[in-house]
Amino acid sequence: MAGRDLGVSGGGFPGSAADPGTGAGPGADPGGAGAGPGRGAAGTHPGTGAVAVGPAVFARLKLRLIAGNLRGDTTRMLGFVFTLLAALVVAGLGFSAMAMLRSAPPQVAADAVTLLFTAILVGWVVVPLLAFGLDDTLDPSRLALFPLSTGRLAAGMFTAAVTGVWPAATLFVTFGAIAGLAAGAGGVLLGTAAVLLQFVLCIVTSRLVTTSLSGVLRTRRGRDVLAVSVIFFILAAQLPNLLLNHGFSGDPQAMLREIAAVLRWTPPGLAAHAVADGGLAALAEVVLLAALAAGLGFLWIAALRRAMVTADASTEGASVRNSRGLLARFLPDGPLAAVATKELRYARRDPRGRVGWFAALAITGVMAFSLNGGEGGTPGPVLAIGPACLGGLMIGLQSCNSFGIDGRSLWMNSMVYGTARDWRTDLAGRHLAVAVIAAPALAVLAVVAAFLAGNPVWAVPATLTAWGVLGVGLGAGALSSVLMPYTVPERLNAFTGAAPGQGGIAFAGSFGTMIGTAVLALPVALPVLLGLTWVCALALPYGVLIAAVGRRIAGNLAFARYPELLASISQPA
Amino acid sequence: MDVADAVRTQGLLKRFGQQVAVGGVDLVVPHGSFAGLVGPNGAGKTTTLSMVTGLLRPDGGGVWIDGADVWRDPVAVKARIGVLPEGLRLFERLSGRELLSYNGQLRGIPKDEVQRRAEELLRVMDLTESADKLVVDYSTGMRKKIGLAAALLHNPRVLFLDEPFEGVDPVSANTLVEVLRRYTASGSTVVFSSHVMELVERLCDWVSVMSRGRIVAQGPLDEVRGGRSLNEAFLGLVGAHAGHEGGGEGLSWLGATSA
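Residue numbers (this note's numbering), protein chains in the order written: chain A, 19 to 591; chain B, 105 to 363.
Keep in mind that a hint or two might mislead.
[Claimed, not checked] Subject to a maximum C-alpha distance of 25 Å in a straight line, what follows is the list of computed SDA-like cross-link-like pairs (lysine to any residue): (1) K237/B - A277/B; (2) K237/B - R366/A; (3) K215/B - A279/A; (4) K215/B - V283/B; (5) K215/B - R347/A; (6) K215/B - V434/A; (7) K237/B - P353/A; (8) K215/B - E190/B; (9) K237/B - E224/B; (10) K215/B - D351/A; (11) K237/B - T437/A; (12) K237/B - G352/A; (13) K237/B - V272/B; (14) K215/B - F113/A; (15) K215/B - S247/A; (16) K237/B - R347/A; (17) K237/B - A438/A; (18) K237/B - T288/B; (19) K215/B - F348/A; (20) K215/B - G127/B.
[Unchecked claim] Far from chain A by the CB rule (all over 12 Å, computed), these chain B residues: (21) G166; (22) E202; (23) A254; (24) T279; (25) M301; (26) R316.
Bear in mind the hints are in silico, worked out from the structure with no lab data behind them. Since the structure is predicted, the reported quantities are computational estimates derived from the model, not experimental observations. Each residue gets a CB set at the ideal place from its N, CA and C atoms; glycine is no exception.
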């Protein structure tokens, strides 16, 4: 490239008024972070080869990415409209909630804003991380080849980050704090500065974290770990439920005060206090926040510089143990053993498998013990049998899209299966693998629930009934796996378990399986729950029967329509 | 149907919405040939191969492999064919060795036999060292090789490969070619799609040229190319001409020493 001064125009971003001939950037400033906002045209610094691209180009790039994502796809369009509406609702509700705090006692209002600011900041750090990949502008390596100085890149990426529906909603909600808290002209003035800094902190912290982790996120292992961490998100969502169920005795106002006291000196706490105070303390806090934002921005630029030249290590893989698998030792050689062994390996090695199982077991546990925690219920075997049955139902739901995790690789099986019987055997292998994990897990759950309920003997009917419910769930799940199959995206995020446009099918599939299982399980579960405990002896045979019937119908259906089945689990996600 | 043909389709048709992806394809591949299915991107090669191998349901027409109807007699057909589909769709979380043994067991081959064949295939494909790594961590060349090994494991009579050489380094490509040559020398049939004309010219004795969802030429290699290079014949058949107007105009700034 020596001697050649490529006029890199904004050609990749149509619409920018770039003209390499006239748009030479004023004042080359290769190291500086301060690309003046509003300067949109691209141009070349004579001599350096670095290009002066104003942040406006990045904003346009972001808007174009959003628009391009929507083109020609009705479901995506609907999804975007939904997002837009959701953001409007969140912005409206958030703003009015903040504004309404004015009628609350000042201390409570300040504490509430502290809590909300913290929640917003944490949300900005966590959500983009879990949904990494939704936004091309998040990944600095995509921009590494453009002749941009790191400072300009940072300014541009910051602009791209604040362009969008959710940043606008966040900013709006954050401004609600002024309406709710600020006192006097000083309050409004310093409050505005504090609110803007809180917003900038959200964006910069979020970018700093994603950029520092972008190297890790590009490796397979890093993504695996992150995918499994989604689970904590799911569990965290259960936390309020758990607290409420245990009849949290504390006074909510006291609780708010305690939490806010802890958060008082965190950046969101400082920002909230600055809005409420509006005096000299507020001025100091605003200065502190500005310094903090600048510091984080500096760290971010350093992280960017490093991320762009760090190698992708995704092909370095460790070996797995070459074992035949426990199950294969007991099963006759053939497709049943092959499928069951493969399913067990997937439950362990695929993050989606791990997340699915962990979520099912954890949610079952949480629900079981929150049921137990309720006081005033009639003590009796129901307290042991109920949670166990619920566990059977939850784990049965795991297999309402049995082929989903296989996804596109299912062609390998359909290349082999020439009869409905083959598909039945395949489903049987999957059911076997589920049972190998679920049967002991349900037994443990039943024993624990029986102990908590006061009589260890109740574990026996609880286990048997739970196994029966699991069998029913597997039968119903086999049907929905074939009738309502959907693609499980390779990259999990906490917000959707299906490919774009298939959310409805996924919901219908799992909801249908749940209702179907509950209805079909009634003949055995209801008498047991009502006190006819001996009926539990019939539960297991009944469950096995329903599972076999489910496999029979599903096997025939799968054989008849496997090309369509294959297509619906191979959607681009 | 003529049993002499390894593969024969008649009026094979597939629409995606308004767009006709494959519009009445009559593909013929004689037994024992090393056949190339060539065509520009979007000609319908992958769609055709998917329908021929029973992975995609055609909207019309029929497919016969060794005289057996793919959609009426799947058992007979599936035992006879091996497939390496486009996009390298494999069970990512199995190791290479586990993938082969999974495939063999699904097909009901005795375990010892599966193990013997798998080890041999891994050795020939030069994958022994990576046999216990997960497929998700394989490179493109390794994935194509393990995919081919899986497709060959049950000793099929007809092998379908969709773009087997795309993104493969020369060393791996050479391995693939050696294995395929040995395979056809024993009288088996290979059908592969490609747009690398030099490769098709070097390997194939039978060529089918597709363009816009139709077969525009088909037959022995020498007949199709008619004295020209296959590349020239191909460009003529699909309606693109060397030195096409527009290729020389415009882009006047390109290569200039300063801009």
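Cross-check of the supplied hints:
| no. | hint | result |
| --- | --- | --- |
| 1 | K237/B - A277/B | holds, 21 Å |
| 2 | K237/B - R366/A | holds, 15 Å |
| 3 | K215/B - A279/A | violated, 66 Å |
| 4 | K215/B - V283/B | holds, 23 Å |
| 5 | K215/B - R347/A | holds, 12 Å |
| 6 | K215/B - V434/A | holds, 17 Å |
| 7 | K237/B - P353/A | holds, 23 Å |
| 8 | K215/B - E190/B | violated, 28 Å |
| 9 | K237/B - E224/B | holds, 17 Å |
| 10 | K215/B - D351/A | holds, 7 Å |
| 11 | K237/B - T437/A | violated, 33 Å |
| 12 | K237/B - G352/A | holds, 24 Å |
| 13 | K237/B - V272/B | holds, 19 Å |
| 14 | K215/B - F113/A | violated, 66 Å |
| 15 | K215/B - S247/A | violated, 38 Å |
| 16 | K237/B - R347/A | holds, 22 Å |
| 17 | K237/B - A438/A | violated, 33 Å |
| 18 | K237/B - T288/B | violated, 30 Å |
| 19 | K215/B - F348/A | holds, 14 Å |
| 20 | K215/B - G127/B | violated, 43 Å |
| 21 | G166 | holds, 15 Å |
| 22 | E202 | violated, 7 Å |
| 23 | A254 | violated, 7 Å |
| 24 | T279 | holds, 19 Å |
| 25 | M301 | holds, 28 Å |
| 26 | R316 | holds, 22 Å |
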